[in-house]
Structures are given as C-alpha cells and as structure tokens.
Amino acid sequence: MTTLLEMRDITKEFPGVKALDQVNLAVKGGEIHAICGENGAGKSTLMKVLSGVYPAGSYDGEIHFEGALAQFQGIRDSEDRGIIIIHQELALVPQLSIAENIFLGNETAKAGVINWHEANQRTSALLKKVGLKESPTTLIDSLGVGKQQLVEIAKALSKDVKLLILDEPTAALQEGDSRKLLDLMLELKAQGVTCIIISHKLGEVRYVADTVTVIRDGRSVSTLDAKAGLSEDQIVRDMVGRDMSDRYPARTRRAGEMLMEVEDWNVWHPEHSERQVIKDIAFNVRAGEVVGIAGLMGSGRTELAMSIFGRSYGRGITGTVKLHSKEADVSRVDRAIKAGLAYVTEDRKSLGLILDETIRFNTTLAHLEGVSKGGVLNANAETKVAEDYREALRTRTPSVFQKVGNLSGGNQQKVVLAKWLNTSPEVLILDEPTRGIDVGAKYEIYAIINELSAQGKGVVMISSEMPELLGMSDRIYVMNEGAFVGELSADEANQERIMSLIVNE
Amino acid sequence: MDTQTKGIKAHLAAHMRDFGLLFALIAIMVFFQIVTGGTLMRPVNITNLFLQNSYVIIMALGMLIVIVAGHIDLSVGSVMGFVGALAAVLIVHYNMPVAVTVPICLIAGAAIGGAQGYFVAYWRIPSFIVTLAGMLVFRGLSLWLLEGQSVGPFPKSFQIISTGFVPELFPASWGEGLAMLFDARKFNVLSFALGLAAAAAVIRMGLQARKRDMDYGIESEPAGLFWTRTLIVSAAIVFLMFKLSTFRGLPNVVVTMGVLIMIYAFVTERTVIGRRIYALGGNEKAAKLSGIKTERLTFLAFVNMGVLAALAGLVFAARLNTATPKAGFSLELDVIAAVFIGGASMSGGSGKIIGAVVGAFIMGVMNNGMSIMGIGIDYQQVIKGLVLLAAVFFDVYNKNKQG
Ligand SMILES: Nc1ncnc2c1ncn2[C@@H]1O[C@H](COP(=O)(O)OP(=O)(O)OP(=O)(O)O)[C@@H](O)[C@H]1O
Ligand SMILES: [Mg+2]
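Going line by line, the protein sequences match chains A and B. So for the first sequence, this note's numbering puts the first residue at 1; every next one is plus one. So for the second sequence, this note's numbering puts the first residue at 1001; every next one is plus one.
Be aware that a few hints might be false.
In the DSSO-like style, the derived pairs of lysine-lysine whose C-alpha atoms are separated by at most 30 Å in a straight line are [to be verified]:
#1 A:Lys349 - A:Lys326
#2 B:Lys1293 - A:Lys322
#3 A:Lys279 - B:Lys1009
#4 A:Lys338 - B:Lys1293
#5 B:Lys1326 - A:Lys384
#6 A:Lys180 - A:Lys442
#7 B:Lys1211 - A:Lys349
#8 A:Lys322 - A:Lys279
#9 B:Lys1211 - A:Lys403
#10 B:Lys1156 - A:Lys403
#11 A:Lys162 - A:Lys28
#12 A:Lys201 - A:Lys189
#13 A:Lys338 - A:Lys159
#14 A:Lys373 - B:Lys1288
#15 A:Lys129 - A:Lys162
#16 A:Lys279 - A:Lys227
#17 B:Lys1384 - A:Lys373
#18 A:Lys403 - B:Lys1293
#19 B:Lys1211 - A:Lys338
#20 B:Lys1211 - B:Lys1009
#21 A:Lys133 - A:Lys18
#22 A:Lys338 - B:Lys1399
#23 A:Lys201 - A:Lys180
#24 A:Lys403 - B:Lys1285
#25 B:Lys1399 - A:Lys442
#26 A:Lys349 - B:Lys1399
#27 B:Lys1293 - A:Lys373
#28 A:Lys18 - B:Lys1156
#29 B:Lys1288 - A:Lys384
#30 A:Lys373 - A:Lys403
#31 A:Lys322 - A:Lys201
#32 A:Lys279 - B:Lys1211
#33 A:Lys18 - B:Lys1399
#34 A:Lys18 - B:Lys1009
#35 A:Lys129 - A:Lys159
#36 A:Lys133 - A:Lys162
If you are wondering where the hints come from, they were derived from the structure by calculation, not from laboratory data.
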C-alpha cells in the first residue's frame, strides 16, 4: 500500500495556545486510520489544518497528498482533491430536506434550474448505500442525530471522495447505530475509500482501525499497528502517558432517605398535541444514589428530564415532583433550580453553553446570586468561583477568561458541569454526561459523580453507553417509547436484561 | 522582533476593534478640523455637536441593549417624534405644567416600548416586523396629534432640558482670571474642573482594571499601549471640556447624557441583569435553561428603549422649541448605524455601551463636518452608508482572521 497522505511537522498556534507541535501523520491508501488522544490534544485542529479550514500559511509544516505538496486555501480546495471532512459538530441545514442538504452547493442543475427528480433519485441511491431508510424529501429537522450522521456520510459520498475524515462520528450514537456506521466504514474501505476516524470509543477504534496514531498535548506520540491486535490499554497508556487500570472509580453504595419522587408524569408533544411523549412515569431517587435511565435513542429520556426541569419541554404536563416528600414547584426553570434541581443538557453546544463567552461567564450563569450583591456583580468573586471549579474539575485551559467555544469538547463539558455544580443542587440530572469525552476525563467525571453522591446528593444519569450505566448506577430504570418498562438493581442489571426489557415491550 | 513589540502587536491585533474605533474617531475629527479650516473645534460648534447628537446617543444606549438581546427596534425615530408631539400638545394646547408633562411622556414611552416588547417577547413575532409596524403607526399618530402642523413654542422651563447650561459654581473672579490666562472672552470654571475630574477618573479606573487583570494573570495590555490609549482619551476629555468652558459652559443635556452613559455602562457590564441580557443574546436556549426569564428580559429591553426614545423626543423638541411632524424622521437609521459602527454584532450577545457612544460620535462628527463643508445631503448619505459598511466589514474581516 502506498502512502496517500503525509502531514509533516505540523505546528499550529492560537493566541496563548500551541494546539499542535510538530505533529506527524502518515495515512496509507485504502486503510482506516484512527486518531486517538485526550480532549484538547489537538485532533480536531489537525483535521482542520488538513481540510483547509485553517488555510496554508496559518500553520507551519507540510501536507503531502497523493505525493504532491498540498496548500489548501479553504475547504473547497481540499474537497476538490477528494478530501471530505465530517466535523464534530454536524453542519446540515435543519429546515431543508435530505436531498437538498446532500446537493447543497453542488446542485444537480442545468442553467441554474435544479432538477429535483434527478436529485431525489441520486439521493435515494446514496441513502441506500449508507443504509438509511428515509425519503429524500424528509426534513433534517425530523431526524435524530444518528440518522443525520448517515446523511452527512451520504453527502460525502455524493462527491468524489478519496479520503473521508470523520471527527467523532459515533459520539452521539446508540450502540446499534454506531455499529452500522462502523460497518459502513468497512464497506467503504472495501471500495477503496481511505478513512480517518477520530473517536474516544476505543472499542470502536479496535473494531475498524488498521493503524492508530496517538496524539498527546499537541504532539504525535505513537503510531500503532492495529491489525496485529491492539489492546485498549495500550492506546490508553499512550494517550494519558501512564497506565490506567480501572475505567470506573470504586464506588460505595449508600442509599439514604428519599430525596426526589416523580409521580404520574405525563407529557404531550409541544406541536402535535395528540401525541403523548411521556406516559405515566413514576420514579424516585434517594440521597446518595446514582440512578440510571437506560433506553434507546428516541425513547423519551431527554424529554422526561427536560419536562421535569422547569417544563422546558412539552405541553399539557401533569404529575407531581416531590423533594423531601414535599411537593416542589418546578414549573419554571428558575423555580426548579431554586427547588434544588440541576439538568446538564445532552447538547452542550446549543443548549448548555454560550460559546462566545468566557469560562467565567458560563460558570456563574445559573447562579449569579452567588456572586452578586444587590444585583451588582462582584468580578473577584466570579473569578474565584470559576478558578475553583477549573481546579476541582481539572479543566484544561490557559485561563478562565478563554472563550468556551475555543475549548475542546471534553473541557466544554466540564464547564457545563461546573455551571450546574455551582447551583449546589440536591438532585443532578445528567444527560449523556460523557459524550465525546476521553477516557481520562470520563474517569474524572465519574469521580465527581461519586463525590456528589457521597455528599448525599441524588444523581440521575441518562446514558446511551451501556457499560457506563452499568458501571456507575445503583439502580437502573429502563425506558421505552415514553414509558418505564422495568427497574433493575445494580446486581440484577446487565446488558442482556436491559435489552430484553426494551425489546419485550 | 523583541518580545515587547511582539506583545504590543499581538494585543493590538486582539483588540483591533476597540483601538480602531478610537483612532477612527480621532482621525475623523482631525480630518474635519483641517478641511473646515478649524471651524469644527470652535467652542460654539463643539457645544452644537453635543446638542445635535444628544438624542441619538440617548437612543443608542437603549438600542445597544435591544441589539445585544438579539433584536432590533425600527420604531425609535417615530416614537421620538410622537412623544415630542405629545409634549407639545399637552403643554401648548392643554397648558399642562412641564413637571407633569415630562413624566407623562416618559410613561407613554414605556407603554409604547412595552406594547411592542409584548409582541416580540411573548408572541415571538420578529422584532423587525413589530417595530416596522410601530414605525408606521407612530409616524401616523404624530401627524394626527399635530394635525399636520408644527406646534410650539415651549415655555422656558421646558427648553432648558436641552438648551440650558449648568450654572457656574465657582466665584466669578476665578473665571475672569482664567479667561485672561487662556486669552478667552469668558471662562466657565465648573466645566473645566469637571473635565479634569473626569480625566482623572478615566486614568484611575484604567489603572484599577489593569491591576485586577494582573492579579488574575490575565494577559493585560502592554504598559506603553495602556498609557497611550488612556492619555489620549483623558486629553480628549480635557480638551473638549476646555472648549466648552470658553463658550457657555456645560449644557444640561451633556450632563444628562453623561450620567446616562455611566449608568448604562455600569448596568451592562457590572450587574446581574446586564449579564443576563448578554446571555440571552448569546444563546437564548441555553440562557433559558440556566433559569433566565428570557421573555421578561426581552420585554424589559423594549420598555427601556421606549423610555429612552421618549426622553430623546423631549430633548429634541426642547432644542427645536417646536414639535414638527417630521421630527425623528429616519433617525432610527442613525441610531442603529451608531450601534453597529460601535461594534455590536447583528446576531446579538456582544457590543458595548461605550462603543455605541463612540459610534454615535463618529456619525455625529461626520454629519456636522460635512454640513460645515457644505456637502449636499445626497453625498452625506452615501458617505455615511459607506462608513457603516466599512466598519462592519472591518469587524467581520478581523473575526475571520482570528479564526
Ligand atoms: N480557535 C481556537 N482558538 C484558541 N484555541 C483553540 C481554538 N481551537 C482549538 N483551540 C485549542 O487547541 C487545543 C486543541 O483543540 P482540539 O479541538 O483540536 O482538541 P481535540 O483533540 O479535538 O479535543 P476533543 O476530543 O475534546 O474534541 C485545545 O486546547 C483548544 O482549547
Ligand atoms: Mg475534537
């Protein structure tokens, strides 16, 4: 196999941050090459350099593609050469249809008039190829993240792709969907497409990758051959620079008195008022307990959490929420916060953070009362709060005055977490808290969860990562199509039982 | 390159916008000072400059907040004209005392802002549409109120809102002495003293902020740059106030304006409600999920805008000493332009009070300078349009470059 791509001594600096420091990467034609590294290691930045998002001249080093020096001035240049990147943040237009999105900027037009018939036909063929059973005219809005990901890939395939780059494609996906996507990658590989995949899910890396390059602190530390059988521990060791034996911190269970009880919870869809989204749900959380909620994508877990948290989702909501056996007013977000609830959203970019603002701004936002007197902010107190959380959560950033948008995904998640910890909640609802987060940071977040429960707080954890739910929860509720279909204690719970509860329904 | 010049360069690059704005204002003033043969900086003209722009600046304060919250208000020109008309009708036709009329007018402004804000905040009708409707409605209502005529004149007690001057506090002999010293006909010691005090305050606050930054290890401005900037600003203040003191002293409206600017700068930068407005404009959904009552905040932003538009209406009517159906016509464009020249972003969530004020002065100096030069209104519009475009282009260009 010949080398398709070589990146030599790539160095990229942002004001105050050296994101990449002489990174080398060599990708052979027809292979699947994985890039692993902790949050903020520089993986996404490297791919942005490669695809021309950061144009030639804004970084040091050389890119050789198909044997020739490549100096891309923008994404268009790299796309013309067959390098297609699917970013960590999906970039589809929600109000347009699948077909419109796929051919956006690349329309099948004659003299400016779009030939919809042809576009839809070609889209159908592409959708078939990626295994997505949807009509080309379906709006992106109505698709889940998993399906949107497939649309992104279909879009990439609609161009003449030689090198496909996927930045954390499975971060938001359910296991079944992830597997489908990985198999699709293997299929593409068989058709001669070279792939680069960035992922924090090392099981997946082992499943698809031929070669793994590990990046740590902006430097390429090793290139591992994965065909000969590579253990996750090997990758982790290079990623974090030390051995990591356990993925979950030890946890002592101690369920105390009753903290929160939700009863007869019913929610209807905000637009289609005849559709009931949450059906008669009842559950409880005791002090010091970590309660997991398992379920497939679309089973209504996020809707449940958001409807409880200040009625942020749905309409016609009925039911009661009790805290310490007394009915609590959670009818508005500020009241829910005051009652002692906190909700860490699943989608941190669009719902959790104000990306253009600093870490400090975001950290104190949900509890400005704590850093103000008579409505006047105390800048020193704010800085102190932000600094304290930065240290406690080990957020990697040059200072708390960095824009949150410039942080890597994992560090952004820590800022969201800090924001909610700062409200001193009694019950913390975590929605996919470790999405897109590296093993080291995951461990840290688990440790934080444990510490909270040790302080007697209740934690509700919604997660699509089965091992994480099993590893962390004291009790697991299983949810399907808007209703709870079972409850398992930590000893009873395992992957098969959860799946069979879901399927039996 | 040694590290020091590198630091200055990096800092300039990162704060291009702030420095650019300041230097643009200075450059424009110098330019017009030269081409108008010194007329621009004559004490009487500087006094006029303040009077002419006071209402734009007052409205720009409210507009900045509306724009930061992610909205726009096209109705302010009309509302301002309407409130001026209301004041005229109440005072001139109904003989209502000024002390009653002024509060009524401000309350009317709040109600107008509230009505528009209600539709924007609680019914989620785009502010562009709601305030476009408001612009037509209040333009029509002022015509109706005034029956197409100009109504005036106002009693003296109303006129002083704009054209009055702060009385001298210092002994007359001081003024005479200083007038001799500076070879001026007269000298208002109070305005000059206030100018010196303001300059001292600017330096002091700058030093404090700088020290705070250093304490927290924030990359602070290189010392040379800090002093250049601060000294230019304070010198400009002293210079302007000196000019005012050699004419009739400090106009009342400058005091009103100065106090309002300070209050709004404080509210936007240092208070909880200010912080929440930036959060609302930065990401409404995230703000809402953080417990911020986004609807109420949007509503209040429009109420506030209404009050300031009403105040501007009073100032404007008092200055012209008559209310005309044409008052405030297309003034919303100047106000909005001032805010965008001052660096606010169209998508909400960013922008500063001081930027909007400097933006308004840039527009004001250009208006004034071009009028002195006798440039026709046609060219004036073209030039102002291009300046607005250039300022925003500069912003976007800078942002892209920083990546
Ligand atoms: N535009 C920017 N301005 C300043 N710093 C940036 C910018 N983009 C990235 N960085 C910084 O560069 C470093 C590398 O970021 P990058 O997004 O490449 O990490 P990553 O390896 O993709 O992490 P993750 O796994 O969390 O996605 C981080 O420290 C980040 O804060
Ligand atoms: Mg990344």
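Quiz item: What are the numbers of the hints the structure violates, in ascending order?
Solution: Failing hints, ascending: 1, 3, 5, 7, 10, 13, 16, 17, 19, 21, 22, 25, 28, 31, 32.
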